[in-house]
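S.K.: Take the sequence shown: its position 201, counting from 1, is numbered 201 in our numbering, and each next residue is one higher.
These aren't lab readings, by the way, just hints derived from the structure by calculation. The model shown is predicted, which means the values in this text are computed figures rather than measured ones. Check before you lean on any hint, since a few could be wrong.
[Said to hold, decoys possible] Quick list of in silico lysine-lysine cross-link-like pairs, PhoX-like style, CA-CA up to 20 Å: (1) Lys20 <-> Lys38; (2) Lys14 <-> Lys50; (3) Lys272 <-> Lys243; (4) Lys20 <-> Lys55; (5) Lys30 <-> Lys52.
[As the list claims (entries may be wrong)] What follows is a set of in silico ranges between Cβ atoms, one per label pair, in the way DEER data are often shown: (6) His271 <-> Gly303: 39 to 45 Å; (7) Met121 <-> Ala47: 42 to 48 Å; (8) His310 <-> Leu116: 44 to 50 Å; (9) Gly260 <-> Arg15: 41 to 47 Å; (10) Gly303 <-> Ala206: 44 to 50 Å; (11) Pro139 <-> Gln299: 27 to 33 Å; (12) Gly152 <-> Asp48: 31 to 37 Å; (13) Glu222 <-> Pro258: 28 to 34 Å; (14) Leu116 <-> Gln253: 28 to 34 Å; (15) Gln175 <-> Ile10: 31 to 37 Å.
All residues carry an ideal CB built from backbone N, CA and C; glycine is no exception.
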Amino acid sequence: MPANLPPQYIELEKRYREAKEPEERLLLLKELLAIIPKHKGTEKLQADLKRKISKLGDQLQSRKGSGRRTAPYRVESEGAARVALVGEPNSGKSSILAALTNASPQVASYPFTTQLPQPGMMPYQDIQIQLVDLPPICPDYREPWIFDLIRGSDLLLLIVDLGEPAVEQVRYLLQELEGMRIAKPSLLVGNKVDLDKGEGRLLKEAYDQSIPVFFVSALRGEGMDGLPERIFLNLNLVRVYSKIPGKKPDMDQPFVFPQGTTVLEVAMAIHKEVAAKFRYARIWGEGKPEGIMIPTDYQVKDGDILEIHHS
1 MPANLPPQYI
11 ELEKRYREAK
21 EPEERLLLLK
31 ELLAIIPKHK
41 GTEKLQADLK
51 RKISKLGDQL
61 QSRKGSGRRT
71 APYRVESEGA
81 ARVALVGEPN
91 SGKSSILAAL
101 TNASPQVASY
111 PFTTQLPQPG
121 MMPYQDIQIQ
131 LVDLPPICPD
141 YREPWIFDLI
151 RGSDLLLLIV
161 DLGEPAVEQV
171 RYLLQELEGM
181 RIAKPSLLVG
191 NKVDLDKGEG
201 RLLKEAYDQS
211 IPVFFVSALR
221 GEGMDGLPER
231 IFLNLNLVRV
241 YSKIPGKKPD
251 MDQPFVFPQG
261 TTVLEVAMAI
271 HKEVAAKFRY
281 ARIWGEGKPE
291 GIMIPTDYQV
301 KDGDILEIHH
311 S
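Model the full assembly from the supplied sequences, consistent with the hints where possible.
M.R.: Shown next, in the form of C-alpha coordinates:
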(Lines of atoms letter the chains of each structure in order from A and count residues from 1; the text may use other names and numbers.)
(Lines give C-alpha, C1' and ligand atoms only; values in the text may rest on other atoms or scores of the structure.)
Protein backbone atom coordinates (compact mmCIF):
# COMPACT_ATOMS: atom_id res chain seq x y z
CA MET A 1 0.00 0.00 0.00
CA PRO A 2 1.39 3.47 -0.86
CA ALA A 3 2.74 5.50 2.04
CA ASN A 4 1.08 8.56 3.58
CA LEU A 5 -2.52 7.41 3.14
CA PRO A 6 -4.66 9.26 5.72
CA PRO A 7 -6.80 7.31 8.23
CA GLN A 8 -10.02 8.44 6.54
CA TYR A 9 -8.86 6.84 3.30
CA ILE A 10 -8.29 3.50 5.01
CA GLU A 11 -11.73 3.72 6.66
CA LEU A 12 -13.43 4.52 3.34
CA GLU A 13 -11.56 1.68 1.62
CA LYS A 14 -12.91 -0.72 4.25
CA ARG A 15 -16.46 0.53 3.64
CA TYR A 16 -15.95 0.11 -0.09
CA ARG A 17 -14.95 -3.54 0.34
CA GLU A 18 -18.05 -4.15 2.50
CA ALA A 19 -20.51 -2.26 0.25
CA LYS A 20 -23.02 -4.39 -1.66
CA GLU A 21 -24.95 -1.93 -3.85
CA PRO A 22 -23.13 -0.71 -6.99
CA GLU A 23 -24.36 2.85 -6.49
CA GLU A 24 -22.82 2.94 -3.02
CA ARG A 25 -19.57 1.38 -4.30
CA LEU A 26 -19.31 4.03 -7.02
CA LEU A 27 -19.94 6.76 -4.46
CA LEU A 28 -17.18 5.45 -2.21
CA LEU A 29 -14.73 5.12 -5.10
CA LYS A 30 -15.25 8.77 -5.98
CA GLU A 31 -14.70 9.78 -2.36
CA LEU A 32 -11.50 7.73 -2.25
CA LEU A 33 -10.23 9.46 -5.37
CA ALA A 34 -11.13 12.86 -3.94
CA ILE A 35 -9.21 12.44 -0.67
CA ILE A 36 -6.20 10.39 -1.77
CA PRO A 37 -2.95 12.37 -1.47
CA LYS A 38 -1.75 13.39 -4.93
CA HIS A 39 1.93 12.40 -5.17
CA LYS A 40 4.11 9.99 -7.12
CA GLY A 41 3.69 7.21 -4.60
CA THR A 42 -0.08 7.06 -5.21
CA GLU A 43 -0.12 7.41 -9.02
CA LYS A 44 -0.78 3.70 -9.57
CA LEU A 45 -3.53 3.67 -6.95
CA GLN A 46 -5.13 6.78 -8.47
CA ALA A 47 -5.14 5.12 -11.90
CA ASP A 48 -6.72 1.98 -10.42
CA LEU A 49 -9.46 4.03 -8.76
CA LYS A 50 -10.21 5.86 -12.00
CA ARG A 51 -10.40 2.55 -13.88
CA LYS A 52 -12.86 1.13 -11.34
CA ILE A 53 -14.96 4.31 -11.41
CA SER A 54 -15.14 4.20 -15.20
CA LYS A 55 -16.06 0.52 -15.29
CA LEU A 56 -18.71 0.75 -12.58
CA GLY A 57 -20.11 3.96 -14.07
CA ASP A 58 -20.51 2.25 -17.45
CA GLN A 59 -22.32 -0.66 -15.82
CA LEU A 60 -24.75 1.64 -14.04
CA GLN A 61 -25.31 3.69 -17.18
CA SER A 62 -26.13 0.48 -19.03
CA ARG A 63 -28.67 -0.41 -16.37
CA LYS A 64 -30.17 3.05 -16.63
CA GLY A 65 -30.44 2.76 -20.40
CA SER A 66 -32.31 -0.53 -20.07
CA GLY A 67 -34.89 1.13 -17.86
CA ARG A 68 -34.20 -1.02 -14.82
CA ARG A 69 -32.51 1.56 -12.64
CA THR A 70 -34.46 3.39 -9.98
CA ALA A 71 -33.45 6.20 -7.66
CA PRO A 72 -30.64 4.68 -5.54
CA TYR A 73 -31.45 6.51 -2.32
CA ARG A 74 -34.90 7.51 -1.20
CA VAL A 75 -36.00 9.10 2.04
CA GLU A 76 -39.67 8.81 2.92
CA SER A 77 -41.11 12.15 3.98
CA GLU A 78 -42.25 12.39 7.59
CA GLY A 79 -43.50 15.12 9.87
CA ALA A 80 -44.80 18.57 9.02
CA ALA A 81 -42.08 19.39 6.46
CA ARG A 82 -38.71 18.30 5.08
CA VAL A 83 -35.56 20.40 5.46
CA ALA A 84 -32.37 19.51 3.53
CA LEU A 85 -28.96 20.29 5.03
CA VAL A 86 -26.74 21.47 2.16
CA GLY A 87 -23.08 22.42 2.39
CA GLU A 88 -19.51 21.82 1.38
CA PRO A 89 -17.26 19.24 3.10
CA ASN A 90 -16.58 19.91 6.80
CA SER A 91 -19.25 22.61 7.09
CA GLY A 92 -20.74 20.84 10.13
CA LYS A 93 -24.00 19.52 8.68
CA SER A 94 -23.81 16.23 10.57
CA SER A 95 -23.08 17.99 13.87
CA ILE A 96 -26.17 20.18 13.40
CA LEU A 97 -28.32 17.15 12.58
CA ALA A 98 -27.05 15.32 15.68
CA ALA A 99 -27.73 18.34 17.90
CA LEU A 100 -31.29 18.92 16.66
CA THR A 101 -32.66 15.40 16.10
CA ASN A 102 -32.68 11.84 17.34
CA ALA A 103 -30.31 10.78 14.55
CA SER A 104 -26.76 9.59 15.21
CA PRO A 105 -24.75 10.48 12.12
CA GLN A 106 -21.02 9.88 11.94
CA VAL A 107 -19.27 13.12 12.88
CA ALA A 108 -15.59 13.58 12.09
CA SER A 109 -13.09 16.32 11.28
CA TYR A 110 -12.29 14.93 7.84
CA PRO A 111 -14.38 15.51 4.69
CA PHE A 112 -16.96 13.16 3.15
CA THR A 113 -18.05 11.65 6.46
CA THR A 114 -21.65 11.74 5.21
CA GLN A 115 -21.96 9.32 2.30
CA LEU A 116 -25.69 8.60 2.28
CA PRO A 117 -28.73 10.70 3.15
CA GLN A 118 -29.26 10.71 6.91
CA PRO A 119 -32.76 11.70 8.12
CA GLY A 120 -33.74 12.72 11.63
CA MET A 121 -36.81 14.21 13.27
CA MET A 122 -36.52 17.62 14.93
CA PRO A 123 -39.17 18.43 17.55
CA TYR A 124 -40.52 21.95 17.51
CA GLN A 125 -43.09 22.54 20.25
CA ASP A 126 -45.96 20.19 19.29
CA ILE A 127 -44.85 19.12 15.79
CA GLN A 128 -42.00 17.19 14.20
CA ILE A 129 -39.93 18.46 11.26
CA GLN A 130 -37.77 16.12 9.19
CA LEU A 131 -34.13 17.13 8.64
CA VAL A 132 -32.06 15.30 6.02
CA ASP A 133 -28.27 15.56 6.10
CA LEU A 134 -26.93 15.13 2.57
CA PRO A 135 -23.45 14.30 1.31
CA PRO A 136 -21.39 17.44 0.69
CA ILE A 137 -21.62 19.38 -2.55
CA CYS A 138 -18.25 19.96 -4.19
CA PRO A 139 -16.67 19.57 -7.65
CA ASP A 140 -15.65 15.96 -6.92
CA TYR A 141 -19.09 14.99 -5.62
CA ARG A 142 -21.98 15.57 -8.06
CA GLU A 143 -24.39 12.67 -7.68
CA PRO A 144 -27.76 13.51 -9.33
CA TRP A 145 -29.75 11.82 -6.56
CA ILE A 146 -28.50 14.43 -4.07
CA PHE A 147 -30.20 17.16 -6.09
CA ASP A 148 -33.35 15.03 -6.42
CA LEU A 149 -33.63 14.98 -2.62
CA ILE A 150 -33.02 18.73 -2.51
CA ARG A 151 -35.86 19.28 -4.99
CA GLY A 152 -38.20 17.30 -2.76
CA SER A 153 -37.48 19.45 0.30
CA ASP A 154 -39.53 22.37 1.61
CA LEU A 155 -36.58 24.38 2.93
CA LEU A 156 -32.81 24.34 2.48
CA LEU A 157 -30.36 24.96 5.30
CA LEU A 158 -27.29 26.30 3.46
CA ILE A 159 -24.59 25.56 6.02
CA VAL A 160 -21.21 27.29 5.78
CA ASP A 161 -18.03 27.15 7.85
CA LEU A 162 -17.28 30.57 9.39
CA GLY A 163 -13.69 29.50 9.89
CA GLU A 164 -13.28 29.61 6.09
CA PRO A 165 -14.26 32.21 3.43
CA ALA A 166 -18.04 32.08 3.95
CA VAL A 167 -19.22 34.23 1.04
CA GLU A 168 -17.31 32.04 -1.41
CA GLN A 169 -18.99 28.94 0.04
CA VAL A 170 -22.46 30.43 -0.40
CA ARG A 171 -21.66 31.63 -3.89
CA TYR A 172 -20.59 28.14 -4.88
CA LEU A 173 -23.65 26.44 -3.36
CA LEU A 174 -26.05 28.88 -5.03
CA GLN A 175 -24.23 28.41 -8.33
CA GLU A 176 -24.63 24.63 -8.09
CA LEU A 177 -28.33 24.90 -7.21
CA GLU A 178 -28.95 27.36 -10.03
CA GLY A 179 -27.13 25.05 -12.44
CA MET A 180 -29.55 22.27 -11.48
CA ARG A 181 -32.49 24.71 -11.80
CA ILE A 182 -33.38 24.46 -8.12
CA ALA A 183 -35.01 27.43 -6.40
CA LYS A 184 -36.13 26.74 -2.84
CA PRO A 185 -36.74 28.84 0.28
CA SER A 186 -33.45 28.88 2.15
CA LEU A 187 -31.90 29.77 5.50
CA LEU A 188 -28.19 30.54 5.64
CA VAL A 189 -26.61 28.96 8.73
CA GLY A 190 -23.12 30.18 9.59
CA ASN A 191 -21.64 27.37 11.66
CA LYS A 192 -18.52 27.46 13.87
CA VAL A 193 -19.26 31.00 15.03
CA ASP A 194 -16.60 30.44 17.71
CA LEU A 195 -14.01 30.45 14.89
CA ASP A 196 -15.45 33.52 13.14
CA LYS A 197 -12.92 36.26 12.36
CA GLY A 198 -15.20 38.56 10.39
CA GLU A 199 -16.77 36.10 7.94
CA GLY A 200 -20.17 36.41 9.61
CA ARG A 201 -20.28 40.17 9.03
CA LEU A 202 -19.35 39.70 5.37
CA LEU A 203 -22.02 37.02 5.04
CA LYS A 204 -24.77 39.29 6.39
CA GLU A 205 -23.64 42.18 4.21
CA ALA A 206 -23.73 40.02 1.10
CA TYR A 207 -26.90 37.98 1.64
CA ASP A 208 -29.06 39.10 4.57
CA GLN A 209 -31.37 41.10 2.31
CA SER A 210 -32.10 38.07 0.11
CA ILE A 211 -31.55 35.04 2.38
CA PRO A 212 -32.00 35.09 6.18
CA VAL A 213 -28.75 34.47 8.06
CA PHE A 214 -28.41 32.71 11.42
CA PHE A 215 -25.22 31.94 13.36
CA VAL A 216 -24.50 28.86 15.47
CA SER A 217 -21.73 26.69 16.82
CA ALA A 218 -22.94 23.10 16.69
CA LEU A 219 -19.87 21.98 18.63
CA ARG A 220 -20.33 24.43 21.52
CA GLY A 221 -24.12 24.73 21.33
CA GLU A 222 -24.15 28.48 20.69
CA GLY A 223 -27.36 29.53 18.95
CA MET A 224 -28.65 25.97 18.64
CA ASP A 225 -31.60 26.55 20.98
CA GLY A 226 -32.96 29.20 18.64
CA LEU A 227 -32.40 27.34 15.37
CA PRO A 228 -35.58 25.18 15.43
CA GLU A 229 -37.76 28.29 15.72
CA ARG A 230 -35.91 29.96 12.83
CA ILE A 231 -36.42 26.84 10.74
CA PHE A 232 -40.13 26.79 11.54
CA LEU A 233 -40.55 30.49 10.75
CA ASN A 234 -38.75 30.12 7.41
CA LEU A 235 -40.95 27.19 6.45
CA ASN A 236 -43.91 29.63 6.48
CA LEU A 237 -46.24 27.15 8.15
CA VAL A 238 -49.19 27.60 10.49
CA ARG A 239 -50.56 25.20 13.07
CA VAL A 240 -54.34 24.99 13.39
CA TYR A 241 -56.16 23.22 16.22
CA SER A 242 -59.63 21.72 15.86
CA LYS A 243 -62.54 22.10 18.25
CA ILE A 244 -65.80 20.17 18.27
CA PRO A 245 -68.80 22.35 19.26
CA GLY A 246 -69.44 22.10 22.97
CA LYS A 247 -66.10 20.42 23.72
CA LYS A 248 -62.55 21.49 24.54
CA PRO A 249 -60.14 21.94 21.64
CA ASP A 250 -57.63 19.22 20.74
CA MET A 251 -54.30 20.90 21.48
CA ASP A 252 -52.15 17.78 21.10
CA GLN A 253 -52.15 17.19 17.34
CA PRO A 254 -52.41 20.34 15.22
CA PHE A 255 -53.09 20.39 11.52
CA VAL A 256 -50.21 22.04 9.66
CA PHE A 257 -50.77 24.20 6.59
CA PRO A 258 -48.85 26.70 4.45
CA GLN A 259 -49.37 30.35 5.29
CA GLY A 260 -52.30 31.76 3.33
CA THR A 261 -54.53 28.69 3.81
CA THR A 262 -58.21 29.62 4.14
CA VAL A 263 -60.81 28.29 6.55
CA LEU A 264 -62.56 26.47 3.70
CA GLU A 265 -59.30 24.79 2.70
CA VAL A 266 -58.82 23.70 6.31
CA ALA A 267 -62.32 22.19 6.28
CA MET A 268 -61.53 20.33 3.04
CA ALA A 269 -58.32 18.96 4.52
CA ILE A 270 -60.16 17.68 7.59
CA HIS A 271 -62.79 15.89 5.51
CA LYS A 272 -64.30 16.42 2.06
CA GLU A 273 -67.81 15.76 3.34
CA VAL A 274 -67.35 18.39 6.03
CA ALA A 275 -66.33 20.91 3.37
CA ALA A 276 -69.33 20.04 1.19
CA LYS A 277 -71.71 20.67 4.11
CA PHE A 278 -69.74 23.60 5.52
CA ARG A 279 -71.93 26.35 7.02
CA TYR A 280 -69.64 28.59 9.05
CA ALA A 281 -66.69 28.53 11.46
CA ARG A 282 -65.83 30.11 14.76
CA ILE A 283 -62.29 30.92 15.79
CA TRP A 284 -60.27 31.31 18.97
CA GLY A 285 -56.78 32.72 18.96
CA GLU A 286 -54.41 35.34 20.27
CA GLY A 287 -55.85 38.84 19.99
CA LYS A 288 -59.26 37.60 18.73
CA PRO A 289 -62.65 37.72 20.46
CA GLU A 290 -63.40 34.18 21.61
CA GLY A 291 -65.63 32.23 19.25
CA ILE A 292 -66.04 35.00 16.67
CA MET A 293 -67.65 33.89 13.40
CA ILE A 294 -65.29 34.17 10.38
CA PRO A 295 -65.79 34.07 6.58
CA THR A 296 -64.69 31.09 4.50
CA ASP A 297 -61.88 33.07 2.87
CA TYR A 298 -60.29 33.98 6.22
CA GLN A 299 -56.58 33.00 6.19
CA VAL A 300 -55.73 31.03 9.31
CA LYS A 301 -52.84 32.11 11.55
CA ASP A 302 -50.42 30.01 13.57
CA GLY A 303 -52.12 28.89 16.80
CA ASP A 304 -55.71 29.45 15.63
CA ILE A 305 -58.39 27.17 17.09
CA LEU A 306 -61.20 26.42 14.66
CA GLU A 307 -64.69 25.20 15.37
CA ILE A 308 -66.26 24.18 12.07
CA HIS A 309 -70.06 23.98 11.79
CA HIS A 310 -71.70 21.95 9.05
CA SER A 311 -75.17 20.68 8.24
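S.K.: Work down the list of hints and note, for each, if the structure agrees.
M.R.: Hint by hint, here is what the structure shows:
no.	hint	result
1	Lys20 <-> Lys38	violated (28 Å)
2	Lys14 <-> Lys50	holds (18 Å)
3	Lys272 <-> Lys243	holds (17 Å)
4	Lys20 <-> Lys55	holds (16 Å)
5	Lys30 <-> Lys52	holds (10 Å)
6	His271 <-> Gly303: 39 to 45 Å	violated (22 Å)
7	Met121 <-> Ala47: 42 to 48 Å	holds (44 Å)
8	His310 <-> Leu116: 44 to 50 Å	holds (47 Å)
9	Gly260 <-> Arg15: 41 to 47 Å	holds (46 Å)
10	Gly303 <-> Ala206: 44 to 50 Å	violated (35 Å)
11	Pro139 <-> Gln299: 27 to 33 Å	violated (44 Å)
12	Gly152 <-> Asp48: 31 to 37 Å	holds (36 Å)
13	Glu222 <-> Pro258: 28 to 34 Å	holds (31 Å)
14	Leu116 <-> Gln253: 28 to 34 Å	holds (31 Å)
15	Gln175 <-> Ile10: 31 to 37 Å	holds (33 Å)
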